[in-house]
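Asker: Take the sequences, apply the hints, and build the full model.
Taken in sequence, the protein lines are chains A and B.
Take the first sequence: its letters are residues 71 to 163, numbered as in the working numbering.
Take the second sequence: its letters are residues 455 to 823, numbered as in the working numbering.
None of these hints come from the bench; they were simulated from the model.
On a predicted model such as this, the values are computed, not experimentally measured, just so you know.
Don't take every hint at face value.
[Said to hold, decoys possible] Some, not all, of what chain B presents toward chain A, calculated at C-beta under 8 angstroms:
| hint | residue |
| --- | --- |
| 1 | Thr554 |
| 2 | Met757 |
| 3 | Ile760 |
| 4 | Arg763 |
| 5 | Glu769 |
| 6 | Cys772 |
C-beta atoms are modelled at their ideal positions from N, C-alpha and C, and glycine is treated no differently.
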Amino acid sequence: MTAEQTELTAGEIEKGLRGHLDSVLNTAVEPDQDLFKSGLVSSMFAMQLVVHLEETYDIAIIGADLKLDSFRTVQAMTELVLRLRAAAAGADA
Amino acid sequence: MADKPKLVKCLVWDLDNTLWRGTILEDGEVEFPEEIRDVIIALDSRGILQSIASKNDYDLAWEKLEKLGVAEYFVHPAIGWGRKSDSVKDIADKLQFALTTIAFIDDQPTERAEVNYSHPEVRCYPAEDALKLTGLPEFTPEFVTEDSRRRREMYQAGFRRDAEKETFNGPDEDFLRSLELVMAVKRADEVDLTRVEELTLRTSQMNATGVHYSDATLRALLSDPDNEVITVTLADRFGPHGAVGVLLLEYHDALWHLKLLATSCRVVTFGAGSVLLNWLVDEAAQAGAHLVADFRPTDRNRMMDIAYRFAGFTEEPCDCLADLPALAEADRDVKRLHLVADRRPGATTMTVTAPALAADRAVRAGARA
Ligand SMILES: [Zn+2]
Numbered sequence: 071m072t073a074e075q076t077e078l079t080a081g082e083i084e085k086g087l088r089g090h091l092d093s094v095l096n097t098a099v100e101p102d103q104d105l106f107k108s109g110l111v112s113s114m115f116a117m118q119l120v121v122h123l124e125e126t127y128d129i130a131i132i133g134a135d136l137k138l139d140s141f142r143t144v145q146a147m148t149e150l151v152l153r154l155r156a157a158a159a160g161a162d163a
Numbered sequence: 455m456a457d458k459p460k461l462v463k464c465l466v467w468d469l470d471n472t473l474w475r476g477t478i479l480e481d482g483e484v485e486f487p488e489e490i491r492d493v494i495i496a497l498d499s500r501g502i503l504q505s506i507a508s509k510n511d512y513d514l515a516w517e518k519l520e521k522l523g524v525a526e527y528f529v530h531p532a533i534g535w536g537r538k539s540d541s542v543k544d545i546a547d548k549l550q551f552a553l554t555t556i557a558f559i560d561d562q563p564t565e566r567a568e569v570n571y572s573h574p575e576v577r578c579y580p581a582e583d584a585l586k587l588t589g590l591p592e593f594t595p596e597f598v599t600e601d602s603r604r605r606r607e608m609y610q611a612g613f614r615r616d617a618e619k620e621t622f623n624g625p626d627e628d629f630l631r632s633l634e635l636v637m638a639v640k641r642a643d644e645v646d647l648t649r650v651e652e653l654t655l656r657t658s659q660m661n662a663t664g665v666h667y668s669d670a671t672l673r674a675l676l677s678d679p680d681n682e683v684i685t686v687t688l689a690d691r692f693g694p695h696g697a698v699g700v701l702l703l704e705y706h707d708a709l710w711h712l713k714l715l716a717t718s719c720r721v722v723t724f725g726a727g728s729v730l731l732n733w734l735v736d737e738a739a740q741a742g743a744h745l746v747a748d749f750r751p752t753d754r755n756r757m758m759d760i761a762y763r764f765a766g767f768t769e770e771p772c773d774c775l776a777d778l779p780a781l782a783e784a785d786r787d788v789k790r791l792h793l794v795a796d797r798r799p800g801a802t803t804m805t806v807t808a809p810a811l812a813a814d815r816a817v818r819a820g821a822r823a
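Answerer: Structure, rendered in C-alpha cells:
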C-alpha cells in the first residue's frame, strides 16, 4: 500500500472531479447533478471519463463497474474511485 | 516471385516540368497535358490521395491549379521554398501515413535524391514516368470500393470537421448536433459485401469478437432468414464518412444473438457504437427478445467493451443463454454479454434511418403460421 493511496479523501476526489468537469465543460457542476439528464455529457464523453478516472486515480474500471450509473454524478464517481482504490489497497496488503 | 509491392496511399507531385510543362514563375504560361489530368483522376478514383511539394509562389501556383480545374484533387499541398524532404514528411504526418506508403514524382534528380537522402523509404519517380504510374502494381489496389472512390472527399471533410471542432467551445452533445449527423442502417446486399469484408479486416480496433468473416460465409448468411447482415454508413454536413460499421445478428426464439459488431475507429468520437446499440436494443425490446452479444476483450477494443456496458449489457446469467450453441474451444475467451432489452428513446445527436427488424420478423412469423 502506498502512502498517496491512503491519503485521498472523498472531499479531495470530489474537488478534483469538479475541477476537471468545470474545465472541460466550461460550466460549474454540482456534486449530485445528473450529468446525463442535464444534457451536459454524452455517453461518448462518459467513455472519456472512464479513461480520465483510471489515469488520474490509478485504478482499473472493468466488468460490472462499467455501468452508466457509476458515472452519472460526481458523487457516484467519487464512490467508485474510493471503492476501487480501497479494493486495490486491500489486495496489496 | 517477388512479393506484391506495398500500395502507395499518397502520391506527392512536383509542379514545374512535372505536373505541367514550363516554369510558371519564369514563363508565366504553362502547358498542362490532358494525359496528366487523366492520371490524376484515375489515381483519385482508386482511392490514392495526391499532394504537392513544389518550390514556388503559393498564390500563383494554387491559382493556376484552380484554373486548370485540378486543385480539388490535392490534400495538404506544400507550395513554398522549404526542403522537399520536409514537405513530404509533413504531408505524411498530417495524413498519419507511414513514409513507406508515400510516393514522390519530380523531374529534378537532385530533388528526388534530397527526399531519398532523408527518407529512403519514399518511392521516387522521374517526371517522364508520370503516364506509366497507373499501370504499376503499387498504384493498383486489389479492391476499388465506393469508399475508395470517395476517400479523398472523406479526408477533406475530415480536415474541415477537425478545424471546426478546434474552434467549438461548448458541451460535446451540442457539437455533435451541429454536425447534423445522419446514420443509415441497412440490410446488406451483394454489392455491400465487399465493403463489409474490407471493414471487418480494417477495423480490428473496434471489432467486438476479433473473428474475421470471409466473403463466402457472409454471402451464405445473406439468404438465411434467421440471420441479418447489416451495414452502417455515416454522413454529416461536411460530407460522407462512408461505411463505418457492420453487424451480424442471428434470431433465436427468446433472444437475438449479436455475433459481430465492428465499427470504424474514425467514428468512435461521434458515439456511433452507442447509437447503434441503442437502436438494436429497442428493436429487440419490441420483439420481446433478450439480446446476447459475443465479446472478446483485447487491448484494442476497450471502447467497445465500455459501449456495451453503458448500453446495459452484463455478464449475469440468464436462462435464454441455454439456447445458444456452446463456444468452440478456441473461443473460450469470448464473453457472452446479456441484456433484457427495454424500449429506448431515439438518438439525440443524430438522425438514424434503419430497418424495422422486429416488425419484419413479426410479419414473417405470421406468414409461416
Ligand atoms: Zn436472457
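Asker: Determine which of the earlier numbered hints do not hold for this structure and return their numbers in increasing order.
Answerer: 1 and 6
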